Amino acid sequence: MLTIKDLKASVENKEILKGLNLDIKPGEIHAIMGPNGAGKSTLGNVLAGRDDYEVTGGSAELEGKNLLDLDPEERARLGLFLAFQYPVEIPGVSNLEFLKASVDSVRAAQGKDALDSVSFLKLARAKCKLVDLDQSFLKRGVNEGFSGGEKKRNEIMQMMLLEPKLCILDETDSGLDIDALQVVAEGVNSLRDPNRSFIIVTHYQRLLDYIVPDFVHVLANGKIVKSGGKELALELEEKGYSWLEDAAENGAG
Amino acid sequence: MTDFHNGLLAVANTKSNAENELFSALNKSGSESFLQQEIPTRKTEAWKFTSLYNFTSNEEGYGRLAETHNAAGLDGITTIPALNAQRLVFVNGQYSEELSSNESVNNVVRFSQANEAQQAIIADNLGTAIEQEKHLFAALNNATTTDGVLVHVGKNEQLKTNIQITHITTAQAKPFTVPARLLIVLETGAQATVVEHFASNNDEQNCFVNAITEAKVGANAHLNHYRLQLMQEGSIQIGGVHVDLDRDANYDSFQLGLGAKIVRNDINVNHNVGGSHCELVGVYLPQNKQLIDFHSNIEHKIANCTTNEIFRGIMADKSKAVFNGRIHIHPDAQKTLAQLSNKNLLLSNDTTINTKPELEIYADDVRCAHGATIAQLDEQARFYLRSRGISSAEADVMLSFGFINELLENLKLDAVRDLIRPILAKRFGRDEELMKHLG
Chain A
1 MLTIKDLKAS VENKEILKGL NLDIKPGEIH AIMGPNGAGK STLGNVLAGR
51 DDYEVTGGSA ELEGKNLLDL DPEERARLGL FLAFQYPVEI PGVSNLEFLK
101 ASVDSVRAAQ GKDALDSVSF LKLARAKCKL VDLDQSFLKR GVNEGFSGGE
151 KKRNEIMQMM LLEPKLCILD ETDSGLDIDA LQVVAEGVNS LRDPNRSFII
201 VTHYQRLLDY IVPDFVHVLA NGKIVKSGGK ELALELEEKG YSWLEDAAEN
251 GAG
Chain B
1 MTDFHNGLLA VANTKSNAEN ELFSALNKSG SESFLQQEIP TRKTEAWKFT
51 SLYNFTSNEE GYGRLAETHN AAGLDGITTI PALNAQRLVF VNGQYSEELS
101 SNESVNNVVR FSQANEAQQA IIADNLGTAI EQEKHLFAAL NNATTTDGVL
151 VHVGKNEQLK TNIQITHITT AQAKPFTVPA RLLIVLETGA QATVVEHFAS
201 NNDEQNCFVN AITEAKVGAN AHLNHYRLQL MQEGSIQIGG VHVDLDRDAN
251 YDSFQLGLGA KIVRNDINVN HNVGGSHCEL VGVYLPQNKQ LIDFHSNIEH
301 KIANCTTNEI FRGIMADKSK AVFNGRIHIH PDAQKTLAQL SNKNLLLSND
351 TTINTKPELE IYADDVRCAH GATIAQLDEQ ARFYLRSRGI SSAEADVMLS
401 FGFINELLEN LKLDAVRDLI RPILAKRFGR DEELMKHLG
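First to last, the sequence lines map onto chains A and B.
Numbering follows the numbering used here, in which position 237 of the first sequence is assigned residue number 237; successive positions increment by one, without gaps.
Numbering follows the numbering used here, in which position 438 of the second sequence is assigned residue number 438; successive positions increment by one, without gaps.
None of these hints come from the bench; they were simulated from the model.
These figures come from a predicted structure and were not determined experimentally.
A couple of the hints might just be wrong.
[Stated by the list, open to error] Pairs of lysine-lysine residues, derived as PhoX-like cross-links and limited to a Cα-Cα distance of at most 20 Å, are as follows:
{"no.": "1", "chain 1": "A", "residue 1": "K139", "chain 2": "A", "residue 2": "K165"}
{"no.": "2", "chain 1": "A", "residue 1": "K230", "chain 2": "A", "residue 2": "K25"}
{"no.": "3", "chain 1": "A", "residue 1": "K5", "chain 2": "A", "residue 2": "K65"}
{"no.": "4", "chain 1": "B", "residue 1": "K261", "chain 2": "B", "residue 2": "K301"}
{"no.": "5", "chain 1": "A", "residue 1": "K139", "chain 2": "B", "residue 2": "K261"}
{"no.": "6", "chain 1": "A", "residue 1": "K139", "chain 2": "B", "residue 2": "K320"}
{"no.": "7", "chain 1": "A", "residue 1": "K14", "chain 2": "A", "residue 2": "K25"}
{"no.": "8", "chain 1": "B", "residue 1": "K48", "chain 2": "B", "residue 2": "K436"}
{"no.": "9", "chain 1": "A", "residue 1": "K112", "chain 2": "B", "residue 2": "K436"}
[Said to hold, decoys possible] To be clear about the criterion: a stretch of chain B counts as covered by chain A if any three or more of its residues have a C-beta under 8 Å from a C-beta of chain A, and this derived list gives those stretches:
{"no.": "10", "stretch": "30 to 40"}
{"no.": "11", "stretch": "396 to 404"}
For each residue, glycine too, the CB sits at the ideal point set by N, CA and C.
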């Protein structure tokens, strides 16, 4: 599904990713954990194509296609989805208009016809219900005045509508109370599929109680310094990250 | 006294504007005031960024009325779809019975048709909200007015029918003036919605529309006022709105300006007695080489009044916009709440905006805020849309649309929103495909 080789990326000439390798097969859930500033969010943003990040080396392929050559919208149309850590508020554009534009674009890329307004509204309402968002959120401006939890649920709703191949959740759990966390986790679990993969970027082990990963990776100082099964997350919860960071420093030196 | 002054005043002496007793005093004082004021130049503070050269340099001058008033083929631009309104339509300044709706509401009448009681209302109010010595083109209008429209709503009367006043222009052999005057008088506790609407039949215009609106909003009265300027390109429109607010009066207004050869609006609101509220929302959307200028001036003369003013503009191509928002808080105007916001979005590198919020505060117990910004589209928002598969071009259109639509969402009249959205579509999308998800 996704193959990342020796990926290097900088922000404002500061190198953040320093040669990252990752291989994700269809149906797998990979958790990426690590201390603040390790490059966790950078990974998601680089894969989604944010301009602020400059890729200085390496490759990232989604089903054999080189992502790094593509515009953000082209990546989305190939089936990549990034649930934002900080979803953006866009007043004046209704959530429904936005969602329809998004779904139509992705469908068109897949050679499917646009849904008519009535069918789309029905679909969007159904997804709202699944993430426990009132239907009134469809009429409101995109994320406008939404609480932190509502924004994250809106992200998951978009993911459900777009049915992507690769879902990247960028600290979706940050700032969520336990109820919202469960809603998000249920949303993700409902989308689990042998042909769909997930990258769950998180700082804490908590989310992984609800979304059980196949692999856990520790990202420190721009590289993956340790990989393991779900039990690694528990070990990290207990020991923190510093022992791995030290190892990374030593390894680099 | 110059050729420019005399030329424009010539309108007052043309045949169809024969002297009328009701207006003779106003005409005389207007004429005197107009002659005393010099042609604004770059050195005139209020006209620093708006050049009148394209107006004053016209060799034929604008000092004549239109020769033809043909209503044929104008129905389409006359109506505002879905607006339930009593409609008065003027073509090149002359009333068109054909295009107007049957006058069923007696709250609205042309000055020339006014009955005795209405004439008394005109005599009592016309010109009283205007400081003509500060507004050259209001003085000109005072000098040349012999007809106009009166909207009068009596004590505690709530006018259910909206009033629409439309001015359409068509090109003439020679440049011409349309003196347009509207007087709105709401008595104590009255309510009304008035939509002013200016349009032209194509881009080949040579009119100068001198449109002045006066509103006298009585105690506890509520006026919803829409002023939609849809004339474009060759047109020149210079005028404004002058409002007097009585105790606890409410003035709720929305201004739309598309831009033309020259568009200049002076908006003056006077909080005269106390407890009144002014809501002033405006949108300007110049394109090509158009110019649009909004100069607002809110006078807080007395305590406990509130003003909320929001103007937003999107400038395309080589257009230019000027926004000057003055809020003047007098020494007696304690407990004033006033907010002013002006945001601008530039769609090209060749556009110009001159924006200046001006807060003058002479009272010590007030809360005032102002801000002006000039920006390009938000990159975070753009990336967010694109990361969902939306093309970069469609994302730009959605964001530009949203920037203005945020203000339209609060409009009370759906019909006005419906009128503006397709215009926005054309303006930013210039491609229906890119607007298909909006509106």
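Structure-based check of all given hints:
Restraint check for K139 of chain A and K165 of chain A: not satisfied, since their Cα atoms lie roughly 28 Å apart, outside the 20 Å limit. Of the pairs offered as hints, the one joining K230 of chain A and K25 of chain A holds, with about 16 Å between alpha carbons and a cut-off of 20 Å not exceeded. Under the criterion of a C-alpha separation no larger than 20 Å, the hint pairing K5 of chain A with K65 of chain A is consistent with the structure, at around 13 Å. For the suggested pair K261 of chain B and K301 of chain B, the alpha carbons sit about 35 Å apart, so the restraint of at most 20 Å is broken.
Distance restraint check for K139 of chain A and K261 of chain B: the Cα-Cα separation of roughly 38 Å exceeds the 20 Å cut-off, and the hinted pair is therefore not satisfied. Distance check on the hinted pair: K139 of chain A and K320 of chain B sit about 34 Å apart at the alpha-carbon level, beyond 20 Å; violated. Taking the CA atoms of K14 of chain A and K25 of chain A, the gap is about 31 Å. The hint is violated against a cut of 20 Å. Between the alpha carbons of K48 of chain B and K436 of chain B the distance comes to roughly 41 Å, so the proposed pair goes past 20 Å and is violated.
A C-alpha spacing of about 17 Å is found between K112 of chain A and K436 of chain B, which places the hinted pair at or below 20 Å, so the restraint holds. With a cut-off of 8 Å between beta carbons, the stretch 30 to 40 of chain B has 0 residues touching chain A; three or more are needed, and the interface restraint is violated. Coverage of the stretch 396 to 404 of chain B by chain A holds. Counting CB-CB distances below 8 Å, 6 residues qualify, and the rule asks for three or more.
Comparing the model with each earlier hint shows violations of hints 1, 4, 5, 6, 7, 8 and 10; every other hint is respected.
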